[in-house]
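Novice: For what it's worth, the numbering used here labels the leading residue of the sequence shown as 1, then goes sequentially.
No wet-lab data here; the hints were simulated from the structure. A virtual CB, placed ideally from N, CA and C, is assigned to each residue, including glycine. Incorrect hints may appear among the rest.
What the hints assert, rightly or not - Distance windows between CB atoms, simulated:
| hint | residue 1 | residue 2 | range |
| --- | --- | --- | --- |
| 1 | GLY619 | PRO328 | 25 to 33 Å |
| 2 | THR201 | ALA127 | 18 to 26 Å |
| 3 | ASP557 | THR201 | 41 to 49 Å |
| 4 | TRP69 | ARG119 | 31 to 39 Å |
| 5 | PRO29 | ARG243 | 29 to 37 Å |
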Amino acid sequence: MHPRSHGQSAITERSGLLFGADYNPEQWPEESWPEDIRLMQQAGINLVTLGVFSWARLQPTEGTWDFGWLDRILALLDEGNIKVCLATPTASPPPWLGHRYPSTLPTDAAGTTLWYGSRNQFSPSSAVYRSAARQVTAALAERYGQHPAVVMWHVGNELGQISYDDETAAAFRTWLLRRYGSLEHLNSAWGTTFWSQGYSTWEEILPPRTAPYLHNPTQVLDFKRFTSESLLRLFTAERDIIRQYSPAVPVTTNLMGFFRGADYFSFAGETDLVGNNWYTDPGQPQTWELGALTHDLCRGLAGGTPWLLMESAASAVNWRPHNSAKEPGALRVDSFSALARGSDGICFFQFRQSAFGAERFHSAVVPLAGEDTRVFREVAELGSQLQDLRLLAGTPAPSRIAVLFDWNSWWAAEAPDCPTDRLGVLDQLQAYYRPLLRRGLSVEVVHPSTPLDRFDLVLVPSLFLFTEDHAGALASWVRRGGTAVVGPFTGVADSNGHLRQGRFPSVLASMLGVSGEEWRPLAEGIGLDFVAPPDGVTADVPAGLQAIVWSEDLRLDGPGASAAATFASGALAGKPAVVRNSHGSGTAWYAGCDLPGPALGHIVGEALAAARISSPVAGLLPDDVELATRGGHHFLLNHSAEPRTVTLAEQSVDVLTGDACGPRLTLEPYGARVLKDSLAPLENGN
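Turn these sequences into a full structure, and let the hints guide you.
Specialist: Below, the structure written as structure tokens:
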């Protein structure tokens with residue numbers, strides 16, 4: 001069992017699936033608290049996150065404390081049988097800290113101080129801030145570490161602050177000294193002979209502050225690594241204090257999915273359970289696909305064990321330029337998507353909609369209009385249905401498919417000196433994920449160092465930075481019988497971001513049976529001709545498909561290599577666009593271009609067949625329909641405002657209603673069905 005699963009299972013064994021919200025009682029009159037608890041009970045809420053932004057209330061001035069209000073609300077929640085995820089309030093220091101100690105305040109890359117009056121107004125490297133954060137954490141942990149209502153600890157909030165101040169610069173130099181040991185090694189790793197950037201003393205080295213032109217890409221990459229580690233040190237410092245007083249209670253923090261600012265693979269190994277925030281954008285209907293991918297990332301971060309959705313929106317958010325409300329039913333399908341992909345609960349920000357402050361227009365479980373509202377009724381209905389599904393708590397949602405992803409590679413691949421800004425890493429991940437989503441197949445998004453033996457198919461959509469060790473492990477796994485699909489611009493750079501010499505991708509050349517001499521971003525689309533695979537089956541790909549953004553000048557370089565597709569026109573006409581290679585007992589594909597959806601779906605389909613992975617879907621699911629399976633329950637979710645029809649090979653039973661379903665099943669707009677085990681393959685409806 002993955003070690004972090006113990007903490008969460010201790011909670012869910014008592015409570016079943018967690019259902020909750022951020023609760024900020026300090027924003028409301030104390031006489032309203034009993035009514036809040038009544039509404040929580042009515043909605044089926046069994047967990048609240050408390051105290052996230054309460055530092056100024058807990059410590060109104062330096063050296064003074066006020067715990068009375070927190071004592072009282074914890075007692076009320078405990079009496080109401082509502083458990084608490086108690087937060088350290090260190091994401092938003094009180095004004096007195098920044099006023100008295102300006103060194104705690106962050107600066108941007110241009111040297112501008114970012115002042116209090118918002119949140120996140122701290123520099124992660126500030127010794128004064130870190131001391132104050134430890135102090136408030138210790139005060140909370142000592143007082144509440146054994147409180148019967150506290151079943152989880154929540155460190156900070158959405159850790160992601162960055163600063164370029166002088167104290168950060170000194171900490172960055174210390175980090176670099178530990179990493180490289182000498183200026184000679186640093187100058188070599190950073191390639192400082194370019195543009196006369198050689199450093200003669202450590203004091204000359206700075207964060208990548210605002211500069212006349214492009215920064216040294218390795219300097220930027222190392223500063224991102226340093227910043228991520230600095231944020232992680234904030235988490236572990238508070239976690240370790242909490243564990244002194246509350247050793248049996250799990251400690252986590254709320255991650256933010258595919259957030260560029262921190263390497264969550266390093267965070268995941270330090271938490272007792274993986275917690276994540278996800279906010280679907282109702283104004284962008286396809287964001288449910290990114291949501292599914294994000295949930296599969298969370299399961300990968302958790303080592304295949306359950307995780308927790310710590311924040312989501314009941315309806316609209318407040319921080320996008322245009323904040324659309326969720327349509328009726330969308331709250332449930334969004335929540336079920338997370339549940340089906342491994343979350344052991346659904347939590348919202350926040351419980352009661354704020355009347356003041358910068359998030360007053362953010363939706364909540366209890367809107368300004370109160371309980372007699374669509375949103376509250378939908379939340380309460382979801383709470384009831386989660387009770388019906390409570391046996392899913394702690395169950396895995398296994399997958400035989402892995403997607404390799406690495407924050408270091410993401411940072412390096414999107415440097416401004418790269419050949420294009422139109423081959424985005426996250427765009428590539430979504431493109432390679434979509435054919436699996438349309439077939440009802442889930443994945444685990446994992447780090448390249450993850451042992452691959454439990455997987456049968458590995459997708460590598462974009463790993464610009466690919467170490468020799470990780471590439472060698474993948475090649476060895478394919479040689480032993482694995483199946484891999486590798487996307488363009490992969491294996492190009494080493495861990496310093498230096499481009500490898502010779503033909504690319506050298507670290508994967510033997511596995512892929514291909515090598516290239518030139519990257520060719522496209523000024524206009526270039527046609528693709530697909531070749532029948534070796535088994536003689538006609539390549540079922542529509543005519544007229546084009547690569548739009550990217551192409552590579554490739555040649556076949558192995559006895560087992562063959563072109564699965566060639567370029568149809570231009571300077572690369574007749575040359576391989578997609579290569580299929582037999583490598584030992586396994587098979588690998590390499591795409592030397594950005595593949596349009598039907599073409600990528602075809603290649604992924606071939607790879608699934610080679611890996612002997614069958615889809616629960618005969619054909620493809622209808623547009624905007626999601627199918628995910630967990631604990632013998634098959635979640636069919638319609639993310640569309642239109643009805644969608646699927647055809648079951650046999651009848652099943654909807655566990656939420658007890659009704660027989662199928663064989664022909666229509667999902668109403670934003671409808672959901674949870675079908676019992678033994679679901680036979682589905683067919684696409686009309």
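Novice: List, from low to high, the hint numbers that the structure doesn't satisfy.
Specialist: 4
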